[in-house]
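Residue numbers (our numbering), protein chains in the order written: chain A, 1 to 236; chain B, 1 to 193; chain C, 1 to 195.
If you're looking for bench data, these hints aren't it; they were derived computationally from the structure. Just so you know, nobody snuck in bad clues.
From the structure, some residues in chain C lie toward chain B, with a derived Cβ separation under 10 angstroms:
id	residue
1	N15
2	S20
3	D67
4	L68
5	Y70
6	L71
7	L78
8	L121
9	D124
10	S125
11	L184
12	T187
Computed list of chain B residues with no C-beta within reach of chain C, every gap over 10 angstroms:
id	residue
13	T74
14	N110
15	L147
16	E157
17	V187
Since this is a predicted model, take the numbers as computed values, not measurements. The beta carbon of each residue, even a glycine, is placed where N, CA and C say it ideally should be.
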Amino acid sequence: MAKQKTLREEFTKGIIKENPVLRLVLGTCPTLATTTSMESAIGMGISAAIVLVCSNIVISALRKVIPQKVRIPCYIVVIAAFVTIVQMLVKAFVPSLDEQLGVYLPLIVVNCIILGRAEAFAGKNSVVASAVDGLGMGIGFTVALIVISAVRELFGAGSLLGHALLPFPAMTIFVLAPGGFFVFGLVMACANKLAEMGGGKKAELGGCKACPMADTCQKLAKGDACEKEGKETVES
Amino acid sequence: MKNSKVKEIVVPAVSLFLICAAVTALLALTNQVTAPKISQLAVETENRTKNEVLADAKSFSDAKSASLDGSEYTYYEGLDGSGKIIGYVFSTSAKGYGGDIDVMVGIDSNGVIKGVSILSISETAGLGMNAKNDSFLNQYNGKSGELSVIKNGTPAEDEIQALTGATITSKAMTNAVNIAQNLYTQVGGENDG
Amino acid sequence: MKIFFSILLTAILTNNYILSKFLGICPFLGVSKKLNTAVGMSAAVIFVMMLASAVTYPLNTFLENHDLGYLQTIVFILVIAALVQLVEIVLKKYIPALYASLGIYLPLITTNCAVLGVTILNIDSGYSFAHAMINSLGAGLGFMVAMVMFAGVRSRLESCQVPKFLQGLPITLIAASLTSLSFLGFTGLVENMFA
Chain A
1 MAKQKTLREE
11 FTKGIIKENP
21 VLRLVLGTCP
31 TLATTTSMES
41 AIGMGISAAI
51 VLVCSNIVIS
61 ALRKVIPQKV
71 RIPCYIVVIA
81 AFVTIVQMLV
91 KAFVPSLDEQ
101 LGVYLPLIVV
111 NCIILGRAEA
121 FAGKNSVVAS
131 AVDGLGMGIG
141 FTVALIVISA
151 VRELFGAGSL
161 LGHALLPFPA
171 MTIFVLAPGG
181 FFVFGLVMAC
191 ANKLAEMGGG
201 KKAELGGCKA
211 CPMADTCQKL
221 AKGDACEKEG
231 KETVES
Chain B
1 MKNSKVKEIV
11 VPAVSLFLIC
21 AAVTALLALT
31 NQVTAPKISQ
41 LAVETENRTK
51 NEVLADAKSF
61 SDAKSASLDG
71 SEYTYYEGLD
81 GSGKIIGYVF
91 STSAKGYGGD
101 IDVMVGIDSN
111 GVIKGVSILS
121 ISETAGLGMN
131 AKNDSFLNQY
141 NGKSGELSVI
151 KNGTPAEDEI
161 QALTGATITS
171 KAMTNAVNIA
181 QNLYTQVGGE
191 NDG
Chain C
1 MKIFFSILLT
11 AILTNNYILS
21 KFLGICPFLG
31 VSKKLNTAVG
41 MSAAVIFVMM
51 LASAVTYPLN
61 TFLENHDLGY
71 LQTIVFILVI
81 AALVQLVEIV
91 LKKYIPALYA
101 SLGIYLPLIT
111 TNCAVLGVTI
121 LNIDSGYSFA
131 HAMINSLGAG
141 LGFMVAMVMF
151 AGVRSRLESC
161 QVPKFLQGLP
171 ITLIAASLTS
181 LSFLGFTGLV
191 ENMFA
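Go ahead and model the full structure; you've got the sequences and the hints to work with.
So this is what it looks like as structure tokens:
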């Protein structure tokens, strides 16, 4: 057991050092899909952050009650509950956001940041620490989305938060799918550069230890290990 | 032995079940609170949109339904101050690129389109979503008769300039408007005389 | 018949789940280094997508008939998770050959947003059951096409000299961007084929 971190560290790590999108490379689907405009990026960031904080608190509170064997289904149920609640609230109070996020709103359920934090943190730590961790990660997620969406909206639609800014015609490609991958790649490269200057490591998919599927994922990523892997499992 | 079996199977199953039950109760509660709000919101949007697409009307009749090609559509009669019908608002839909596009079309008693507005749309951001822009929607105003979509050139009287890179969306929108016009000839014709 | 092809081709080419809807990016980036893993993963995804759609579609009808539409998300994700587990057990026990090739990918699929995505989108798009199944097949095949193509791109990328600044994930994402760009060329294809 490593020594206890202060709450402050738990909070700030999610924003910079362990930024879920740019450092841990989690939640790439919503990152790419909802950054077409800053408005929807902020909406997605806040919705996911609310779900993250709430599910972290509940899972942490229940961590002694939930049996080890069924913990993943339990986490999924708790997360799905909060996602549905957020979905209903958004539908009732911010219908324009519901229209923008569409299917990606219910898909917060499978956002691996949330299940990842439940598994890696909330299931093992106190309620307060988990809440702070969730808040930090949620803010980190939102910040990353805002950065990417600002670039995409500025160049793709010539505006920021809906206010027209660019004097020349916008390049629609930035708000289309290829632009999403492209801007994400460049922002990731910048984040790597910054991390390098700060003495940190590059972001890698292999670094997704926070993801509950990381084990399988990494085994597969290694490629050559995978054929053996398959046979072994059958024999056992 | 028996005890360990209880621990291994029953306890996890029961706790998972309890969590599910608690969650369902919580969701039912939230639904109770938000469902009326959501449906109220839908009604409000509809009312606002009705006024947008047929601004001349002072009030609207209750929802009526008409059928066309086997599908049921809702429409409203737009009334002036004295209760005379001055136009209709049709609620129609057509399949776009990312699902159904629901629109409301206002048509006056001469059969001229007064306004088109989108109730729900989920097209590609930056392309099909531009259908929401006034510059596209206003093309329909003042037109009448079967409309079609063109991609290049100057649109003629019965043509709509397609959105760049979003022909499917443009066609879907135009289909929805054409449905409304067909509905108009069906329900409006008899009141014309 | 026309509509079946139109739905199928739309899901594979113009509305590719990975490259234009951004669903299933994690496996797309994580499991696409080698061609054989890419194919194995995609086969498992096609299988689970079809199965999940076949099970969730009637369930949704049931939920809506009982005014329980708000339970959709939670029911769908639980059913998919349980289904994946069940398939894993059944395959392991009865069809070990298939398990050897698909089994290891199955746990990855539970939290794959493409699977949950396709089941929800089937409902949202108002498809009939047959159309929903075709759409799921198309989504899965589209997943496979994108994975296989991208595996090819990545194997070329490995022998390239990449600026240090872009090495690793950034260049992978930019390669994905170009792959996605090539799929943008299909826009309008389906519509003009069946217009």
